[in-house]
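Asker: Just so you know, the protein sequences line up as chains Z and D, in that order.
Take 353 as the starting number for the first sequence in the working numbering and just add one per residue.
Take 188 as the starting number for the second sequence in the working numbering and just add one per residue.
One or more hints might be untrue.
[To be verified] Some, not all, of what chain D presents toward chain Z, calculated at C-beta under 8 Å:
hint, residue
1, K189
2, Y191
3, V193
4, T195
5, T196
6, Y199
These are computed hints drawn from the structure, not numbers from a lab.
Ideal Cβ positions, reconstructed from N, Cα and C, are used throughout, including at glycine.
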Amino acid sequence: MTIMIDTGNYIAAKAAVMARPAVVPAYPITPQTTLVEGIANYVKTGEFKGEYICVESEHSAMCACIGASAAGVRTFTGTSSHGLLLMHEMLHWAALARLPIVMCNINRTVGPGWNIWPDENDSISQRDTGWIQFYCSSNQEIFDTVIQAFKLAENEKVLLPVMINYNAFILSHTSMPVEIPKQKEIDDFLSKYKPRWKLDVDNPITFGNIILPADYEKIRKDMQNSSENAKKLIPEIAKEWKKIFGRYHGDLIEKYRCDGAEYILLAMGAIGAESKVAIDNLRKEGLKVGLARVRTFRPFPKEEILKLGKQADLIVIDRNISVGSEGALFSEVKAALYDKSDAKVYGFIAGLGGKDVPYTDIEKICKKSINGKAKDCEWYNLEGV
Amino acid sequence: MKKYNVVTTISYPKKGAMGKTGTWRVFKPILDKAKCVKCLRCWIYCPEGTVTRNKDDTVSIDYDYCKGCGICANVCKVKAITMEREAKKK
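Pulled out of the complex, with its shape left as it was, chain Z reads as follows (with noise of 0.2 Å):
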């Protein structure tokens, strides 16, 4: 094992690298940039084997995705925001065909106006696609969970494609230590890659061709079934990976100081990594507060948040809007709930555009809650409206 100390961006070309795809196709844009040419590095050292295709823009890029998986091969991109939107079409595509694509996903601020700040818009609005999505929130859980995705992906009992997000510069561009495993433990944590199906010359088959509506049903169902068997999966993998490596970031949710909470503050990404301060100044003051950090947003972690409501009334903050309703966690923890247990949960708009979220602001939002002063969804600290 050595360490690196590097950014998200250069760890996940760092990590795509180890788990030897045979293909990335790839299209810059900004935050992202460095992951790719973190990966393009690696095709001059000798270190990256397989093919690295420059494509014309994100949506090819996922195309070239999925011809390279249907052909058979392990395959990684990855994207932004606008990069991200662009391919969405092809998101749907690859998560029906059943392609165990890996990509990263720089979470960035959606235009007009132009910003390449962090905001989680970009792939919230993706959630719907069928691809499983972790959020990340330092980079030893990027690299951890790039190859730990390759493994969920390609599991039989899953066969679906993952999009590891991570914030625009507070990960993507922030250099942190981290530890890299030798070659040898990687390729033996991640058995070499058989495909499920593939479409092969001497054994021919179309696919995605017509299909009426009583089969059509049925492919929904198994993607369904399937994102549910993602959801144990997730928890061994973990277990697995802190067997041999000792690191471990939780299972879809990770829970710091949980014990004996009364409030119980939801977050993704880096604010649930700038929550931990909070939470522990907020305990020095005698208040009860744990936080879970939601690592994953599709499997959504519906029954261990109605473990956590059953315990605690909850407090969520969301660097999203889903314009027309509310931050899109706190929609899906109120349902997850729903008829099963009476916890108030409050809810925060807070973070977009990038604006700072610190320490400072996560204690004050909790207090808000705690005492009794929060609105049903409020933007946080929003001013001149």
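Got chain Z sorted already, so can you dock chain D onto it with the hints?
Answerer: Quick look at chain D alone, frame taken from chain Z:
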């Protein structure tokens, strides 16, 4: 043929999977074997694979699945294939 155990839209090659598509035909290709020079252009160009190549390189047309598009007649250099309107069904 290898079958995959994945619930998605995979179709395996099978003759007549969509029924007897020959019933869609309005014009029927009629081959004059005396004019045919065995160049096999009709066999190459038929988009439905309904021109069958025989061992001696003569061809025959599978009317169960020929949709009557007329490409074979169009590409035939010696005009050995003519398109004739199907008789009205009574």
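Asker: Decide, hint by hint, whether the structure agrees.
Answerer: Consistency of the hints with the structure:
{"no.": "1", "hint": "K189", "in the structure": "holds (5 Å)"}
{"no.": "2", "hint": "Y191", "in the structure": "holds (4 Å)"}
{"no.": "3", "hint": "V193", "in the structure": "holds (5 Å)"}
{"no.": "4", "hint": "T195", "in the structure": "holds (5 Å)"}
{"no.": "5", "hint": "T196", "in the structure": "holds (5 Å)"}
{"no.": "6", "hint": "Y199", "in the structure": "holds (6 Å)"}
Of the numbered hints stated above, none is contradicted by the structure.
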